Amino acid sequence: MPSRNRVAYAFLAPYLLIFATFWVWPIISSFLLSFQNTRVNPWRFQPSLNWGRLVADPAFYNALYNTLIILVIQVPVMIALATVMAVLLNSPLLKARPLYRFAFFAPVVVGEVAYAAVFRLMFSADFGIINKLITSIGFAPVSWFDNATAAMILIIIAVTWRWAGYNAIIILAGLQSIPGDVYEAATLDRVSKRQQFLHITLPLLKPIILFCAVLSVIGTMQLFTEPFLITNRGGPGGGTETLGLLLYRQGFTSLNFGYASAIAYTIAALAIAISLLNLWVAREPK
Amino acid sequence: MRSKSKTLLWQKITLHAVLTPLAIIWLFPLWVMFVFSTMPDYGIFSPDIVLIPSTNFIENFKNLQADTDFLRAMFISIAVAVIYTILSVFLTSMAGWALARYRFAGKPFVIAIILGTITLPFAVVVIPQFIMVAREFKLANTWIALIVPPLFNSLGVLFMRQSFSMMPGELFDAARVEGVKEWQIFLRVALPLARPTMAALAIILFLASWNNYLWPLLINSRPGMMTAPVALGTLIGLTKVSWGGIMAGAVLLTAPILVIFVLLQRHFIAGITAGAVK
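Top line first, the protein sequences correspond to chains A and B. Take 1 as the starting number for the first sequence in UniProt numbering and just add one per residue. Take 1 as the starting number for the second sequence in UniProt numbering and just add one per residue.
It is worth saying that the hints were derived from the structure and are not from the lab. In this text, all values refer to a predicted model and were calculated from it rather than measured experimentally. All C-beta atoms in this analysis are idealised placements derived from N, C-alpha and C, irrespective of residue type, glycine included. Mixed in with the good hints, there may be bad ones.
Here's a subset of chain A near chain B, in silico, CB distances under 10 Å, partners left out [as the list claims (entries may be wrong)]:
| no. | residue |
| --- | --- |
| 1 | Ala8 |
| 2 | Ser30 |
| 3 | Leu33 |
| 4 | Ile69 |
| 5 | Ile73 |
| 6 | Val113 |
| 7 | Gly219 |
| 8 | Gly244 |
Here are the computed lysine-lysine pairs in the DSS-like style, where the Cα-Cα straight-line distance is at most 25 Å [claimed, not checked]:
| no. | chain 1 | residue 1 | chain 2 | residue 2 |
| --- | --- | --- | --- | --- |
| 9 | B | Lys240 | A | Lys132 |
| 10 | A | Lys193 | B | Lys4 |
| 11 | A | Lys95 | B | Lys6 |
| 12 | A | Lys95 | B | Lys12 |
| 13 | A | Lys193 | B | Lys12 |
| 14 | B | Lys4 | A | Lys95 |
From just these sequences and the hints, can you work out the full model?
If you want it as structure tokens, here you go:
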């Protein structure tokens with residue numbers, strides 16, 4: 001490998017320029033903004049204003065609570081479901097494999113706005129097809145948008161539908177990278193299929209599943225489009241407001257950039273902390 | 001022997017009995033989207049459960065076009081996605097090539113930056129990025145605002161770097177002995193060999209740009225400069241709006257990408273799994 005400082009940086013230059021302009025500077029500037037009062041003109045340095053407001057803001061705790069609820073319910077459910085999908089799709093006994101793959105993987109390419117529109121229409125209280133199906137089997141219709149619990153369940157269902165296949169693709173690739181002779185040896189030793197799954201497949205999949213969990217945590221921490229479009233700006237009455245939505249509301253509806261920056265840093269810190277916690281919990285026992 | 005083939009049969013039946021309902025549930029929203037895009041609004045709001053397509057798609061599309069200039073928005077989305085994909089593949093290839101094939105001062109630092117930003121939430125930079133692009137550069141509602149800031153893409157660099165470092169080094173050394181310039185080695189020797197990787201990356205980048213919502217929503221909110229997802233998003237939640245039209249818009253956003261997905265599934269999956277399986 002030749003040592004070429006000038007050539008290497010010439011190839012890297014356009015990329016690093018965009019990185020410096022649109023990431024490095026904003027990250028620093030965001031940090032500085034979080035210590036400024038941006039509701040006066042000109043903006044003024046007032047270090048405790050936004051952070052002081054954050055730790056006392058009921059709207060922040062509401063958004064944090066909602067985000068964490070979605071995180072602890074949706075992420076494990078989705079990853080378990082994705083693992084089941086991947087394991088079943090990997091079975092040599094499966095017929096019409098392309099059809100099943102299409103069913104589970106198609107949502108991965110569907111845009112957030114398109115699927116938000118469909119879910120909003122499907123779950124409409126009065127004429128939505130889901131309530132029609134629920135009443136046709138004799139249950140009472142659910143007011144998905146007026147009841148905070150139902151609205152949260154709706155968000156969880158929607159995100160799971162959209163992302164389970166994505167995780168299944170990654171887990172399936174992991175399954176296919178496990179060499180077949182491992183299973184052959186186990187079968188020769190009369191290890192049952194269930195034992196093979198528990199003691200061979202799952203431990204070997206652990207790093208991949210962890211990777212999926214970390215990606216999902218980061219995604220969930222900034223969840224925005226679903227509560228924005230499906231449950232109508234985090235409705236009912238903030239019942240599905242997430243940290244991502246609170247950031248949007250403070251930054252781009254109230255135009256309070258300082259406070260929104262403090263929220264942004266909180267989101268990043270939490271995403272990193274929860275990801276590290278994930279890795280720590282799953283570490284190899286010594 | 002007989003009992004073994006019998007258990008195998010049972011396993012097969014159980015497998016399909018679990019997967020089939022799950023697959024139907026998973027396809028259901030897409031089917032509903034398609035059916036409703038072909039139904040007049042009174043059909044969507046009727047008390048019956050209708051799951052058979054009708055013939056009203058063109059009417060619905062006309063209603064959509066009356067609610068928002070969707071054709072213009074589709075044109076912007078397509079143009080942005082194409083330009084973005086070409087630029088981004090080229091930029092990440094250049095950076096990946098430098099990281100794969102040269103030793104240089106500060107290399108561990110550059111690699112650390114790229115790895116570190118993969119998992120950094122966009123939320124951290126969105127506010128100052130908006131302030132900078134909209135207020136300082138005065139670029140809101142422009143093509144540049146849609147295309148340039150999202151060009152930074154760490155995963156793409158790592159993907160290309162891996163592809164370049166797996167190529168045999170003798171190939172490039174031979175070219176160097178012949179006196180071929182470095183950028184020509186990159187363009188004429190390395191890039192053609194990296195074509196499959198570039199294809200997988202291009203598909204993922206195109207999809208990301210096509211579906212991008214938050215940044216275009218913030219930066220290009222003026223009618224006439226909105227992308228298709230943003231234009232469609234403005235209609236969701238309005239009271240006097242054609243739901244058949246919204247569904248027609250959703251189908252137009254989804255159908256092309258589904259067709260690409262079916263045709264190029266292998267590349268899609270290679271792109272998605274690139275970050276996970278080393």
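Results for each hint:
no.: 1; hint: Ala8; result: 4 Å, holds
no.: 2; hint: Ser30; result: 5 Å, holds
no.: 3; hint: Leu33; result: 6 Å, holds
no.: 4; hint: Ile69; result: 19 Å, violated
no.: 5; hint: Ile73; result: 18 Å, violated
no.: 6; hint: Val113; result: 4 Å, holds
no.: 7; hint: Gly219; result: 9 Å, holds
no.: 8; hint: Gly244; result: 6 Å, holds
no.: 9; hint: Lys240/B - Lys132/A; result: 23 Å, holds
no.: 10; hint: Lys193/A - Lys4/B; result: 14 Å, holds
no.: 11; hint: Lys95/A - Lys6/B; result: 17 Å, holds
no.: 12; hint: Lys95/A - Lys12/B; result: 9 Å, holds
no.: 13; hint: Lys193/A - Lys12/B; result: 14 Å, holds
no.: 14; hint: Lys4/B - Lys95/A; result: 19 Å, holds
Going through the hint list in order, the structure does not satisfy hints 4, 5.
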